[in-house]
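Here are the chains, one letter per residue:
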Amino acid sequence: AQSVTQLGSHVSVSEGALVLLRCNYSSSVPPYLFWYVQYPNQGLQLLLKYTTGATLVKGINGFEAEFKKSETSFHLTKPSAHMSDAAEYFCAVSGVNNDMRFGAGTRLTVKP
Amino acid sequence: SAVISQKPSRDICQRGTSLTIQCQVDSQVTMMFWYRQQPGQSLTLIATANQGSEATYESGFVIDKFPISRPNLTFSTLTVSNMSPEDSSIYLCSVEDRPWTGETYNEQFFGPGTRLTVL
Numbered sequence: 740a741q742s743v744t745q746l747g748s749h750v751s752v753s754e755g756a757l758v759l760l761r762c763n764y765s766s767s768v769p770p771y772l773f774w775y776v777q778y779p780n781q782g783l784q785l786l787l788k789y790t791t792g793a794t795l796v797k798g799i800n801g802f803e804a805e806f807k808k809s810e811t812s813f814h815l816t817k818p819s820a821h822m823s824d825a826a827e828y829f830c831a832v833s834g835v836n837n838d839m840r841f842g843a844g845t846r847l848t849v850k851p
Numbered sequence: 177s178a179v180i181s182q183k184p185s186r187d188i189c190q191r192g193t194s195l196t197i198q199c200q201v202d203s204q205v206t207m208m209f210w211y212r213q214q215p216g217q218s219l220t221l222i223a224t225a226n227q228g229s230e231a232t233y234e235s236g237f238v239i240d241k242f243p244i245s246r247p248n249l250t251f252s253t254l255t256v257s258n259m260s261p262e263d264s265s266i267y268l269c270s271v272e273d274r275p276w277t278g279e280t281y282n283e284q285f286f287g288p289g290t291r292l293t294v295l
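Chains as they are written, first to last, in my numbering: chain B, 740 to 851; chain H, 177 to 295.
By construction, these hints were calculated from the structure, which means they are not laboratory data. From the three backbone atoms N, C-alpha and C, an ideal C-beta is built for every residue, glycine too. There is no bait here: all hints are sound.
Partial list, computed: chain H residues near chain B (C-beta under 10 Å):
| no. | residue |
| --- | --- |
| 1 | Ser177 |
| 2 | Arg186 |
| 3 | Thr224 |
| 4 | Glu272 |
Let's have the full structure, built from the sequences with the hints guiding it.
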């Protein structure tokens, strides 16, 4: 069975600062890992995903994440935060059966 | 990627009534999922709906409370029955689709959600 832990339910950064949202996973099989973003009053949108191959994956809106098997982590980063990045971010993991499990979410606030 | 619509987008309902939420996909998909997102919380899977078979419910969710229909490969409904204020949540439909032929994993695409408030 897979599970995901997101460290920090709320992260606040200044505009232009580095964004780092932490995600650790547990999986008995090689995982597929995802980051989703949810803007207010909207559904979830896929930011990026790791399946196989290159461990550093780039997504939309300048976000990227690195799969580190030794640390069982898949942290999401963006070099410079923008006001429009304020949203809820969910890390998710799925395994061989493609059943997806979501983390508790991290709310990102960007201060001007 | 699949495009998903949900109806209604939001509703306010009285305790004891039922609401049926519709999910429409613009392409044929095998697996559809229903999630609940309670205020300030993450997504919890309610059930998986496959066409032609009964839905598979996760622990803590039962068919009498959340009956699901899946009449074809592009449509599903979720009914929230005998509602109470604790059912106030966002209900999300998602579908599983393989991004392109040859991939070994499926991506999930989400509808915009139905925001339900029960008074």
